[in-house]
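Chain by chain, the residues:
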Amino acid sequence: MTDLISLDLAGAREGLNNGDFSAVELTQAHIKAMGAHRDLNTFITETPDLAIERAKEADHNRQQDQAGDLEGIPLGIKDLFCTEGVLTTAASHILDGFTPPYESTVTAKLKEAGAIFLGKTNLDEFAMGSSNESSHYGPVHNPWKANGDPRVLVPGGSSGGSAAAVAAHLCLGATGTDTGGSIRQPASFCGVVGMKPTYGRCSRWGIVAFSSSLDQAGPMTRTVRDAAILLNAMAGHDPKDSTSADASVPDFEAALTGDVKGLRIGIPAEYRPDGLNSEIATLWGKGVSWLKDAGAEIVEITLPHTKYALPTYYIVAPAEASSNLARYDGVRFGLRVEGESLDDMYSKTRAAGFGDEVKRRVLIGTYALSAGYYDAYYLKAQKVRQLIYQDFISAFDSVDAILTPTTPSPAFPIGEKSDDPVSMYLNDVFTVPASLAGLPGISVPAGLSGDGLPLGLQVLTKRWDEETVFRVAGVLEEAAAFPGLPLTGEG
Amino acid sequence: MSLDDARVQRIAVLARIELAQDEIGPLGKELSGILDWIEQLQEVDTDAVEPMTGGADQSLRWRTDGVEDGGHAAKILANAPEAHEGFFGVPKVIE
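Quick note, the sequences are listed as chains A and B, same order.
Quick note on numbering: the first sequence equals residues 1 to 491 in our numbering.
Quick note on numbering: the second sequence equals residues 1001 to 1095 in our numbering.
Don't read these hints as lab results, they were simulated from the structure.
Among the clues, some could well be false.
[As the list claims (entries may be wrong)] Pairs of lysine to any residue residues, derived as SDA-like cross-links and limited to a Cα-Cα distance of at most 25 Å, are as follows:
{"hint": "1", "chain 1": "B", "residue 1": "K1092", "chain 2": "A", "residue 2": "L335"}
{"hint": "2", "chain 1": "B", "residue 1": "K1029", "chain 2": "A", "residue 2": "A351"}
{"hint": "3", "chain 1": "A", "residue 1": "K348", "chain 2": "B", "residue 2": "W1062"}
{"hint": "4", "chain 1": "A", "residue 1": "K240", "chain 2": "B", "residue 2": "L1041"}
{"hint": "5", "chain 1": "B", "residue 1": "K1029", "chain 2": "A", "residue 2": "D419"}
{"hint": "6", "chain 1": "A", "residue 1": "K417", "chain 2": "B", "residue 2": "D1057"}
{"hint": "7", "chain 1": "A", "residue 1": "K383", "chain 2": "B", "residue 2": "L1041"}
{"hint": "8", "chain 1": "B", "residue 1": "K1075", "chain 2": "A", "residue 2": "K462"}
{"hint": "9", "chain 1": "A", "residue 1": "K348", "chain 2": "B", "residue 2": "G1025"}
{"hint": "10", "chain 1": "A", "residue 1": "K462", "chain 2": "B", "residue 2": "V1049"}
{"hint": "11", "chain 1": "A", "residue 1": "K307", "chain 2": "B", "residue 2": "P1081"}
{"hint": "12", "chain 1": "A", "residue 1": "K462", "chain 2": "B", "residue 2": "A1056"}
{"hint": "13", "chain 1": "B", "residue 1": "K1075", "chain 2": "A", "residue 2": "F21"}
{"hint": "14", "chain 1": "A", "residue 1": "K348", "chain 2": "B", "residue 2": "P1081"}
{"hint": "15", "chain 1": "A", "residue 1": "K240", "chain 2": "B", "residue 2": "V1067"}
{"hint": "16", "chain 1": "B", "residue 1": "K1092", "chain 2": "A", "residue 2": "G339"}
{"hint": "17", "chain 1": "A", "residue 1": "K240", "chain 2": "B", "residue 2": "L1077"}
{"hint": "18", "chain 1": "A", "residue 1": "K145", "chain 2": "A", "residue 2": "K383"}
{"hint": "19", "chain 1": "B", "residue 1": "K1029", "chain 2": "A", "residue 2": "V422"}
{"hint": "20", "chain 1": "A", "residue 1": "K462", "chain 2": "B", "residue 2": "Q1058"}
{"hint": "21", "chain 1": "A", "residue 1": "K417", "chain 2": "A", "residue 2": "E25"}
{"hint": "22", "chain 1": "B", "residue 1": "K1075", "chain 2": "A", "residue 2": "K145"}
{"hint": "23", "chain 1": "B", "residue 1": "K1029", "chain 2": "A", "residue 2": "D356"}
{"hint": "24", "chain 1": "B", "residue 1": "K1092", "chain 2": "A", "residue 2": "D356"}
{"hint": "25", "chain 1": "A", "residue 1": "K240", "chain 2": "B", "residue 2": "V1049"}
{"hint": "26", "chain 1": "A", "residue 1": "K383", "chain 2": "B", "residue 2": "D1036"}
{"hint": "27", "chain 1": "A", "residue 1": "K462", "chain 2": "B", "residue 2": "E1050"}
{"hint": "28", "chain 1": "A", "residue 1": "K348", "chain 2": "B", "residue 2": "A1048"}
{"hint": "29", "chain 1": "B", "residue 1": "K1092", "chain 2": "A", "residue 2": "V331"}
Just so you know, these numbers come straight off a predicted model, no measurement behind them.
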């Protein structure tokens, strides 16, 4: 059964359709791989029994000709999605023992399509982080290592467990969420495809809230086609999320035409700061040539407010987080630390339940929203956010898509950046602007660094044009012929 | 922007996060460092700019103001650290 975990999602779907193997066999192979790679710490909760039970139903449904689009496909679910009856932690101590009595809309849609959940993947606490080191359940290990260097590397974050599990072939795909780069950055670090759709494309209902004007769910897979297949099952209008778009969902897989002739691709000058890692710059240059060779027109563009995106994000996201995380008070769910009064109980519970990075962000957000500081911080950030958005609007007057690197560096060793919050924040310098603007974006694995570590390229388009994102990404993927992580044989 | 200990303590009270005495100083330094870095936003001219208040262009939809769901008290209380007779239990608030 070793072969079964080497398949990608589209290949597994075809094999199931042809009757080459059963959903139970496919699921068992992935459960075995998951068990053999616990050292990576990619899953917080494994649900093998539920998965096998579901796989039997999937085989039955297929026999009855009632197979959904993802019938029998084993997935990992970021532990930020509420799953009915299955522990949901957001990788925080404060949600100890929380078993949701309901299912998030995105996971409900995946279940309806027939997908099988292997378990809940690790992440940065409340999705706040770029390295997965802030998880209460310990850091995830990137399955990639630099040539000749035994040090364990971070998988990126916050969807680090999903990215590492997909890279190591423990599941055929996984859900992620992206607030400032939390799908695209770990995808780049782990050599997988990570797609953040337009804000509003997927319902946020039942996803543990971090920053509500930015949070967006998306797929993480080993191929662009798999991401398109998975997004089709995740997306769609949901009356339970007032910001979910009442728009029809195109067939994203059909957008993979392989043809970018005449498409105008923007190259933003501001994404080439002084001192940009030369390997990243070289790879970006290769991406430009691949698209040019495929018939696209390359256009130099400018996004003048790019340098203000990170500081803007670090007001907007913490402000919204400080409000969203007010619900963790020891009363309705999770951890409670007793105190002498109600206020004392709140303060002790939150002191014990939140990790350092979450505390920092809640405090920054509280300060930015407090009387006398609101205009100087929060209102100012909302105005700069508008300018960042307008930069993109103007750029899309002259281009159809934008190509940039996904991250300023390859994956770094665990512990290397944990002492300095601001240097950690800089990891998201290329992903945050599109998040603030609500644009769709993808990271495609495009090459290896000199040390043999994966590097990604990012494609962005205007809102609601995921089809062009997939089309361009498909062409890059084919030209890059990225090798993927070699399978080690066990599993 | 440097936050003194009293200011850090005040923010922590607003956020309902208890801080140990020896946490306040180092945390104040970290938060000040982050705020210093954010300070660069002040150089952007935003006088004539409308704030962007959400992630979507669309305005929020209207819906009927009606009860659509409910009656799940037992399910909701199942996760509560303390529950009595259909209510959440909290420390005594009235002396």
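Okay, the hints, checked on the actual structure:
1. Taking the CA atoms of K1092 (chain B) and L335 (chain A), the gap is about 18 Å. The hint holds against a cut of 25 Å.
2. Annotation: proposed proximity of K1029 (chain B) to A351 (chain A) holds, straight-line Cα distance about 19 Å (limit 25 Å).
3. With a C-alpha separation of about 40 Å, the suggested pairing of K348 (chain A) with W1062 (chain B) is violated against the 25 Å cut-off.
4. Distance check on the hinted pair: K240 (chain A) and L1041 (chain B) sit about 35 Å apart at the alpha-carbon level, beyond 25 Å; violated.
5. Between the alpha carbons of K1029 (chain B) and D419 (chain A) the distance comes to roughly 12 Å, so the proposed pair stays at or under 25 Å and holds.
6. Proposed proximity of K417 (chain A) and D1057 (chain B) is contradicted: the alpha carbons are some 36 Å apart, above 25 Å.
7. For the proposed pair K383 (chain A) and L1041 (chain B), the alpha carbon gap of about 10 Å is at most 25 Å, so the pair holds.
8. At roughly 42 Å between alpha-carbon atoms, K1075 (chain B) and K462 (chain A) are farther apart than 25 Å, so this suggested pair is violated.
9. Between K348 (chain A) and G1025 (chain B) the CA atoms are separated by roughly 19 Å; this keeps the pair inside 25 Å, and the hint holds.
10. Of the pairs offered as hints, the one joining K462 (chain A) and V1049 (chain B) holds, with about 21 Å between alpha carbons and a cut-off of 25 Å not exceeded.
11. The suggested pairing of K307 (chain A) with P1081 (chain B) is violated, with an alpha-carbon distance near 45 Å, which exceeds 25 Å.
12. With a C-alpha separation of about 12 Å, the suggested pair K462 (chain A) and A1056 (chain B) falls inside the 25 Å cut-off, and the hint holds.
13. Of the pairs offered as hints, the one joining K1075 (chain B) and F21 (chain A) is violated, with about 39 Å between alpha carbons and a cut-off of 25 Å exceeded.
14. A threshold of 25 Å between alpha carbons decides the hint, and for K348 (chain A) with P1081 (chain B) the separation of about 14 Å falls inside it, so the pair holds.
15. At most 25 Å may separate the alpha-carbon atoms for a hinted pair to count; K240 (chain A) and V1067 (chain B) meet this at roughly 13 Å.
16. Using a Cα cut-off of 25 Å, the hinted pair K1092 (chain B) and G339 (chain A) holds, with the two alpha carbons roughly 10 Å apart.
17. Straight-line distance between C-alpha atoms of K240 (chain A) and L1077 (chain B) comes to about 22 Å, which keeps the hinted pair within the 25 Å bound.
18. With a C-alpha separation of about 42 Å, the suggested pair K145 (chain A) and K383 (chain A) falls outside the 25 Å cut-off, and the hint is violated.
19. With a C-alpha separation of about 12 Å, the suggested pair K1029 (chain B) and V422 (chain A) falls inside the 25 Å cut-off, and the hint holds.
20. Distance hint between K462 (chain A) and Q1058 (chain B) is fulfilled; the C-alpha atoms sit about 15 Å from each other, no more than 25 Å.
21. Straight-line distance between C-alpha atoms of K417 (chain A) and E25 (chain A) comes to about 41 Å, which puts the hinted pair past the 25 Å bound.
22. Between K1075 (chain B) and K145 (chain A), the direct Cα distance comes to roughly 45 Å. Violation of the 25 Å bound is thereby established for this hinted pair.
23. For the given pair, K1029 (chain B) sits about 14 Å from D356 (chain A) by alpha-carbon distance, which is consistent with the 25 Å threshold.
24. Taking the CA atoms of K1092 (chain B) and D356 (chain A), the gap is near 30 Å; set against the 25 Å cutoff, the hint is violated.
25. For the hint linking K240 (chain A) to V1049 (chain B), the alpha-carbon distance of about 32 Å lies beyond 25 Å, and the restraint is violated.
26. As the CA atoms of K383 (chain A) and D1036 (chain B) are separated by approximately 19 Å, the hinted pair is consistent with the 25 Å bound.
27. With a CA separation close to 20 Å, the supplied pair K462 (chain A) and E1050 (chain B) stays within the 25 Å bound.
28. A threshold of 25 Å between alpha carbons decides the hint, and for K348 (chain A) with A1048 (chain B) the separation of about 44 Å lies outside it, so the pair is violated.
29. For the proposed pair K1092 (chain B) and V331 (chain A), the alpha carbon gap of about 13 Å is at most 25 Å, so the pair holds.
In summary, the numbered hints that this structure violates are 3, 4, 6, 8, 11, 13, 18, 21, 22, 24, 25 and 28.
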